[in-house]
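Q: My request is simple: use the sequences and hints to build the entire structure.
With the sequence shown counted from 1, adding 381 to any position gets you this note's numbering.
No lab work stands behind these hints: they were computed from the structure. Keep in mind that this is a model prediction, so the values were computed, not measured.
Label pairs and their in silico Cβ distance ranges:
{"no.": "1", "residue 1": "R543", "residue 2": "G447", "range": "53 to 59 angstroms"}
{"no.": "2", "residue 1": "S483", "residue 2": "A561", "range": "36 to 42 angstroms"}
{"no.": "3", "residue 1": "A497", "residue 2": "K425", "range": "30 to 36 angstroms"}
{"no.": "4", "residue 1": "R624", "residue 2": "W388", "range": "35 to 41 angstroms"}
{"no.": "5", "residue 1": "S432", "residue 2": "F387", "range": "20 to 26 angstroms"}
{"no.": "6", "residue 1": "A589", "residue 2": "R457", "range": "24 to 30 angstroms"}
{"no.": "7", "residue 1": "K421", "residue 2": "H615", "range": "34 to 40 angstroms"}
{"no.": "8", "residue 1": "R543", "residue 2": "A508", "range": "38 to 44 angstroms"}
{"no.": "9", "residue 1": "V567", "residue 2": "A501", "range": "30 to 36 angstroms"}
{"no.": "10", "residue 1": "S483", "residue 2": "S446", "range": "21 to 27 angstroms"}
{"no.": "11", "residue 1": "E599", "residue 2": "E568", "range": "23 to 29 angstroms"}
Glycine included, each C-beta is placed from N, C-alpha and C at the ideal position.
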Amino acid sequence: MAGQSFWVRGLVLRKTKLGESDLIVELLNDEGCLVRAVAKGARKPKSSFASRLELGNSVELLCASGRGLAIVQECRLVSARMGLRQDYDRLVCTEVLLELLSKCAQEDLPQPKLLAMAEAALDALAAAPAAAALGLLAAAFLKVLAFVGLRPELRRCVVCGRPAAGATRFSDFEGGVVCAECGSRVEARFYPAEVLSAAAFLLHTPFAQIAEAPVASEAAREVLQMAASLAQVHLDFTLRSLRML
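A: Written out as structure tokens, the structure is:
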């Protein structure tokens, strides 16, 4: 029997098939927490839920609480972001970001600004030139890591604290760049100076500015690899969708 009804505003991160025609929908809500609910009949051809619950959409759901997962009673579309599905690169970048959010967000740990950041990233990704897609994803990856307490140090040596302009080494275990003098004291990986400079730019710059001045795709790809390695070492996960890039 359905219980009390409540509204949830959030971003659709993941969908899982349930039974013959239902879906379990995973959202990042406006408190930055994960919420899961069952959308009954959502996989039926005539269901009004089908198009509204696309990955990357922002929605408002009226749900009824129950013994298990809440049941979706009504779905209102807030933003469809059709641009995310215009080309392969944008689509894959969207999948990577949504998987990252699903891995990093938790059900009972509010992060109030996380949803706004994620929606800003997706809005920029949907509207920006295709050449900016990888840079926007790399920026979002770094910013999500910062939200969960894994903000990489990219401007000062993570060992001695001195300014590290022109640094060419990054330590996953220490979580930041390493200057030349400290390079022999910790395990660190080589990156071209322009890649680490691009990483600092992407971490500290709003998405709109990144879209207007996109970093080179090769540098953005290396920043993504750096961020993914950092997440693997400290958060113990890998993103399957990254393999498609």
